[in-house]
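Chemist: In case you want the letters, here they are:
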Amino acid sequence: MIWDNNFAVSIFPILLQGLWVTVQITLLGTLLAAVLGLVFAVLRRLAIPVLSQVVSFLVVFVRGTPLLVQAYVAFFVLPAYGVSFNALTTGIVVIGVNYSAYMAEVYRSGIQGVPKGQWEAATALSLPGVRTWGRIILPQAIRTVVPMLGNYLIQMFKDSAVLSAITVVELMATAQAIGSSSFRYIEPLTLAALLFLAVSYPASRLVNRLERRYAPQH
Amino acid sequence: MDAVIQYAPLLWQGLLTTILVTVMGGALCLVVAFTAGLARLSRHRILRWPAGIFIEVFRGTSLLVQMFWLFFALPFFGIQLHPLTAAVLALGLNEGAYAAEVVRGAIASRAKGQTEACIALGMDPALRLRRIIIPQSIPAMLPPFGNVMVDLLKNTSLVSLVTVADLTFSAQMIRSTTGQTTAIFITILVMYFALSYLLTLLTSWLERRFALDRKALTLQRKENALMKVGAA
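Heads up: the sequence lines are chains S and E, in that order.
Count the first sequence with the numbering used here and you get residues 1 to 218, in order.
Count the second sequence with the numbering used here and you get residues 219 to 450, in order.
Careful: at least some of the hints might be erroneous.
[Unchecked claim] One-sided and incomplete, this derived list gives chain S residues near chain E with beta-carbon spacing under 7 Å:
# : residue
1 : Ile-2
2 : Pro-13
3 : Val-39
4 : Gly-64
5 : Gly-129
6 : Ala-165
7 : Ile-186
8 : Phe-196
[As the list claims (entries may be wrong)] Quick look at which bits of chain S chain E covers, simulated, 3 or more residues with Cβ under 8 Å:
#  : stretch
9  : 45-54
10 : 169-181
[As the list claims (entries may be wrong)] For the chain S half of the interface with chain E, some residues (derived, Cβ under 10 Å), not all of them:
#  : residue
11 : Phe-7
12 : Thr-65
13 : Gln-70
14 : Trp-133
15 : Ser-164
16 : Leu-194
17 : Tyr-214
Calculated from the structure, these hints are not laboratory results.
Predicted model only: the values in this text are computed from it and were never measured.
All residues carry an ideal CB built from backbone N, CA and C; glycine is no exception.
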């Protein structure tokens, strides 16, 4: 028999623990990406000399290089300069920064989508910059961004498997560890795949529905 | 930096492998994308459902899981793939599933009148797709295809985890022998960045090449050139 049911049942609880870590990485990583991405998008838009260009380049550079290599850099290079966290924290920061580069683009298109009249009205009312951004522009820009945030959340959920390469013990690493210690790969890897699917498929359905509800209304 | 120079041949080999995997994965991705994307649009359930399941499964699970499954689990079924084959297969199928949605979306969003005109002219469905619908959809497909290809390029770094000696794998080897972590990783980051930049350039060239109103564009360009000459 190729598929051993008893074995599959026995490893399921351990895999669920791995899934829980994956979910934690995803939620914290998305939070970080959402905040950092917003900061990047606003910094680019403000056109501060040097700083805005540096941010623009960083965003493009992060988008143009593999997550795995970025993770290696954070895991192997940074400790040499005295910056070191545990693998899980490093993983969350790496994936958060990686996705923030994508989120920055989403925010940017959201900000661009705000009609020019809104800016002009804010100027006419002589609102200070902070209030223009905080009360007028961002609330409108972020509305269109919500569904995209959901898409990136799901994407990150799947991408977080890459972090197993820097010893973060999430779902993928758990499955691999079970495989190499028991010499049975079919059950852990298949179950891991099914668990990924069981979370991401309903989630993407939900996001699709959100997308329709949050469609821009101006 | 001397580790980078000393091990340059190894990095070069890795770079070539990365390019090879990208090209093969990209070719497979295109085949999968059109097969699954068109099947998804078929009138026949027998084609539509398997394509739908394929797309959802490969988009719904992690690329790394798929690659490991092909590499570690498949041998238990008596199928032992070469690491490179497993890697290319996983990349092509995974990115192909994403690209299939691009194909489906682009074709589904064609103006209905085109199909109706084809039917009025008595074209059969195959000819309709081949001569009218697909050529018209290509400009709409190109930008998202470009993104998929850049993704594919970046994801080739995962093949190092199933022992394919690509750029990332070479870098890891050099790192563990020399310990010059910073120089090596900065070097390959820049190399990956250059490759994805090249892919972006290629995509925008193709976009211009396949633009629907290409003739209008060339005319415009000629006019502009003339204007410049006149101004000088």
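Chemist: State the violated hints by number, sorted upward, taking the hints as numbered earlier in the document.
Modeler: 2, 3, 5, 9, 11, 14 and 17
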